[in-house]
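Chain by chain, the residues run as shown.
Protein chains: 4
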Amino acid sequence: MKAFVYVGIGKSAVEDRPKPEIQAPGDAIVKMVKTTICGTDLHILKGDLATCAPGRILGHEGVGVIDSVGAGVTSFHSGDRVLISCISSCGKCDYCRRGMYSHCSTGGWILGNEIDGTQAEFVRTPHADTSLYPIPAGADEDALVMLSDILPTGFECGVLNGKVSPGSSVAIVGSGPVGLAALLTAQFYSPAQIIMVDLDDNRLAVARKFGATETVNSKDGKAAEVVMRLTGGRGVDAAIEAVGVAATFQLCQDIVAPGGVLANVGVHGQKVELHMERLWSQNISITTRLVDTVSTPMLLKTVQSKKIDPTRLITHRFKLSQIQEAYATFASAAETKALKVIIEA
Amino acid sequence: MKAFVYVGIGKSAVEDRPKPEIQAPGDAIVKMVKTTICGTDLHILKGDLATCAPGRILGHEGVGVIDSVGAGVTSFHSGDRVLISCISSCGKCDYCRRGMYSHCSTGGWILGNEIDGTQAEFVRTPHADTSLYPIPAGADEDALVMLSDILPTGFECGVLNGKVSPGSSVAIVGSGPVGLAALLTAQFYSPAQIIMVDLDDNRLAVARKFGATETVNSKDGKAAEVVMRLTGGRGVDAAIEAVGVAATFQLCQDIVAPGGVLANVGVHGQKVELHMERLWSQNISITTRLVDTVSTPMLLKTVQSKKIDPTRLITHRFKLSQIQEAYATFASAAETKALKVIIEA
Amino acid sequence: MKAFVYVGIGKSAVEDRPKPEIQAPGDAIVKMVKTTICGTDLHILKGDLATCAPGRILGHEGVGVIDSVGAGVTSFHSGDRVLISCISSCGKCDYCRRGMYSHCSTGGWILGNEIDGTQAEFVRTPHADTSLYPIPAGADEDALVMLSDILPTGFECGVLNGKVSPGSSVAIVGSGPVGLAALLTAQFYSPAQIIMVDLDDNRLAVARKFGATETVNSKDGKAAEVVMRLTGGRGVDAAIEAVGVAATFQLCQDIVAPGGVLANVGVHGQKVELHMERLWSQNISITTRLVDTVSTPMLLKTVQSKKIDPTRLITHRFKLSQIQEAYATFASAAETKALKVIIEA
Amino acid sequence: MKAFVYVGIGKSAVEDRPKPEIQAPGDAIVKMVKTTICGTDLHILKGDLATCAPGRILGHEGVGVIDSVGAGVTSFHSGDRVLISCISSCGKCDYCRRGMYSHCSTGGWILGNEIDGTQAEFVRTPHADTSLYPIPAGADEDALVMLSDILPTGFECGVLNGKVSPGSSVAIVGSGPVGLAALLTAQFYSPAQIIMVDLDDNRLAVARKFGATETVNSKDGKAAEVVMRLTGGRGVDAAIEAVGVAATFQLCQDIVAPGGVLANVGVHGQKVELHMERLWSQNISITTRLVDTVSTPMLLKTVQSKKIDPTRLITHRFKLSQIQEAYATFASAAETKALKVIIEA
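Protein chains in written order, with our numbering: chain C, 518 to 862; chain A, 518 to 862; chain S, 518 to 862; chain F, 518 to 862.
No wet-lab data here; the hints were simulated from the structure.
Where hints are given, some of them may not hold.
Which copy is meant is left open, so a pair is good if it fits within one copy or across any two.
Claimed, not checked - Computed cross-link-like contacts, BS3-like style, restricted to lysine-lysine with a CA-CA straight-line distance of at most 25 Å:
hint: 1; residue 1: 519; residue 2: 536
hint: 2; residue 1: 823; residue 2: 680
hint: 3; residue 1: 551; residue 2: 854
hint: 4; residue 1: 836; residue 2: 519
hint: 5; residue 1: 818; residue 2: 680
Based on the sequences and whatever the hints tell you, model everything.
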């Protein structure tokens, strides 16, 4: 089968690979229908992730059709259409029991990282019963691809951890796909203010269309000042960090109100400074989280009942045969204005 | 009246001062019966707190008897015995309504800091109705002095924020008075393990008497290793920082389990490093808090029902006339083995 | 001054009364600008409320202007425009500290019940600092009249107690003003389904305009069946009872899903049957609540940020001189299609 | 193999049955080591449970050794010592994902009810990976038998649902095994008062030994009065119903304080009266629950760390060959003073 492979730092290739096979009783083999590219995939290609070895088929998102299942799988059968979660969860270990699938002792984020992923014609998914979701009849499968990772990530790490609530004030620092996913899902809770911060005016324009009440271009280094002014000097109840660098983490520290939450979503490669000399008495929380995808059933209901339209995140479409072009488009988002791309089998 | 006054950096004096007077309708004048000294008082004497100007009468803890009240005070009358909270709370502002008395718009920690405090024969307490608590008949007033600050601080900032729960594992880094207050109140929730970490073997011995299940002297720089071993490699569900320096904050980062809480209690004078490159995916919370004393009514009930004995924290007793000696004893805790001292009128 | 007075069972009158005076340091005298009529006022007129004696000026809702304040009032001054909460809260007692203003030891629902109310030219409001709310500049005062009682009642007793959440299913039994207030505020949380049940087709038509996803006329006795069918046989996550009689309480028991909440809002005059022989194993909660109005500051923010438009509940307008006509209109809602009426000074 | 069988209303027998066999990939066959008898088993023998057909092997509690496992079982192997949960949980369905194992779509309370149970030499346990728990080395297996049902039932349905907290007041109505299990586990949270109510003075004496702060014999019909007096007229924060009849449910309604919880544990056979005409405004919750055993891992930790000693509930011991005698003893608790009995293979 065709598969998109991380060959080595800065190198990728579409390769012919054997179709994957059932290895454990809980496995399923899924024929891919649609997949997408994540910012993390770009990190892998740059060599930033030690867990992902050269030779790996990338991709941890998508929808597909069950090809075959192992002896222990009871919820799915050949021919079932399924949503693939980016997180594999055994449903049995202590972490899974507590809803912390991201730290599953035999799962977590392994697809397209520690084992082969979804940017291929077929994928093997471990713990299928608790890592795949049946696709409701009539569902928009493009929308569901957004439920593999981007939407639960923005929602769980940003909105739920940030305790966004009716009438509250929220700032989301970073208006890329995951920041926009937080913006869309924050609106489930009717906050009074959602201030989006970014360096790219196009992305801020998108944010306004997606429901931001105010936008701030942080280019001039005065974003903290502006957010404080927009909140009457109090700061925000939830400062959602959706970039992953020291400067944006600092900005979030500067704008979080007493009693508020700094909810980190961004993937950080470096340590940051934490101003405990000021924050120790501010009654704040700082939260971190690798998405657990524990909210997937709930997000499915919000999509099915049209409370949210995740297809608004989709800007480009490609065939699997065009995946190198898809990567190029996604990697040059500033020029292409790409958010999420759909890659069809 | 006699009062203990911060004169300037490194200088204090017992001075004669006029008896305070009612300034606002919500004020009470309280004749002090017992007070104590807090670690923060030592910080003030060193000049560490910009908010506290020379000339200030120190002290934010104690019990006393109502001398007189302003026109708006409805809950207290002359002659009532009261517990003085270290936090003044108006009960009306947005923060007070949310239970965040520490950030009261006209209160917070002002006693012995922005206004004159309790280490004197009399003190003026603003917002008396919502900042004083009636002393139940027959209560042990020594125990109640511990409820002004040290017990709610350890409990709210450490135990409540740390979500200590039955069967959980806790490490408390710092076995001084506030760490021990966290240790005593953590036992309300029956955790399976409470590991105390300190540099001082005497304090660790006290901790064992107070209910620590294990103690670790961190002198050799291997505390993180030991805590990880004691928790089967998982780390602790709650890492309570009760010192306030970079090294102990770092230790807490090293030992908090995925899904756990780093609950900061210590007063920090410097920024710290936060290892987001490792923690971003660990599903942890870091919490900060200036005590709100919102738990005071509940703590009173636990003292009255003998679920806790806060007098175990009291090591020395002085008269107000001996307050300089009391400070000397408290400041040399390593030698004197002082925890909390009682200063009687 | 002119005042609407409960004279005795079935009897009311507009009477001339002396302007009220400050009686306690926490009191304010408010010149009424707008008020409204509550279903509870009709109950009083029928003689259903033993707490309300003949001679009482009715009314517990409205906005006005501060005329004068007692010596202990610090937040308001003569000339301030204020929203009057239906609940008087001292902010000091144990219940108020816990946010349960409805059970304030010297307050609760006393206005227009145990003391004279707001359907008059002036009203005395006890505990003014913690029972009145400043009206933001430019606010729509009609909207704010809905925040005295109806909106927080639907929200706190129905939506908050019912734990309405994104993607969940809700049934609201009773599509009168308070049911509709629950319907409007339930949408803060983006549930997938809100099924409204009533006997009156007009009110169900209103409900659809206000955001109900489905409506059920329960006239034929088959409402439970229909709700079960609409929820795929599972029942609803939240069954909100907004009537207060045995039949509607029974219906809620029949449609609440395992793990769900039966949130009672209705005022009951009789005991009901509870089918514990079936419900004991269903993991449900039944909640009751007299509105605390603890959510008023938050509701104000949602109104100011246009997340909700409470003026949609207003169907009729009268002058205070026409208050008997206003009562007649409100009491004949089936014919007049009245929901909430505004009565202007 | 020998097995204790429900033969028909009022009739039971020890019968010879074939050893059970693996039927599904998730099954395990467990050789029983110890089991016990539950009050529900007595109900079955009386014919009260329509779900349990004659011919059924009873028993849903116990510890044993894995004999064999199905192809899908990954956590257990032949020879492993295991605790058997009374609730079978697939870990995959919507209810299991939400921690509501009691309503598992293919499990729940089926052992010794809808399928053959543990009062036999062997038992087949479905969903073994998520319904059995490994027994830690050195654990007291008698104690663990109490973790199959009685302890999680008292804890989850009574203590957790009742929101027992430090300093709070609790009444437990019913001092049988499950009421005593609630009493033992309530102490995890250090309430100020635990008042036990029963008709049997022996059981009240046991309750005092187990930590009750006060006991009330309700024989004279004045229990409500006494509880109100013991709580200063306020009532209790948590009223835990551990009997399951109308009179005790009524008593709980009479003693629950405003803002409190009536946590039902008892199995009810009849509807009850609910005094909504009084309770509608009392801000209470009434909760029901079939035990989910979601707390089993946590309870295991509290037993291993000696925060609780569940063997205090064990009064008698029998061999499996004496099971009829065990039933007779357990059924005549008033005379035999039996609480829980251990039945060894």
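- Task: If any of the earlier hints don't hold here, list their numbers in rising order.
- Result: none
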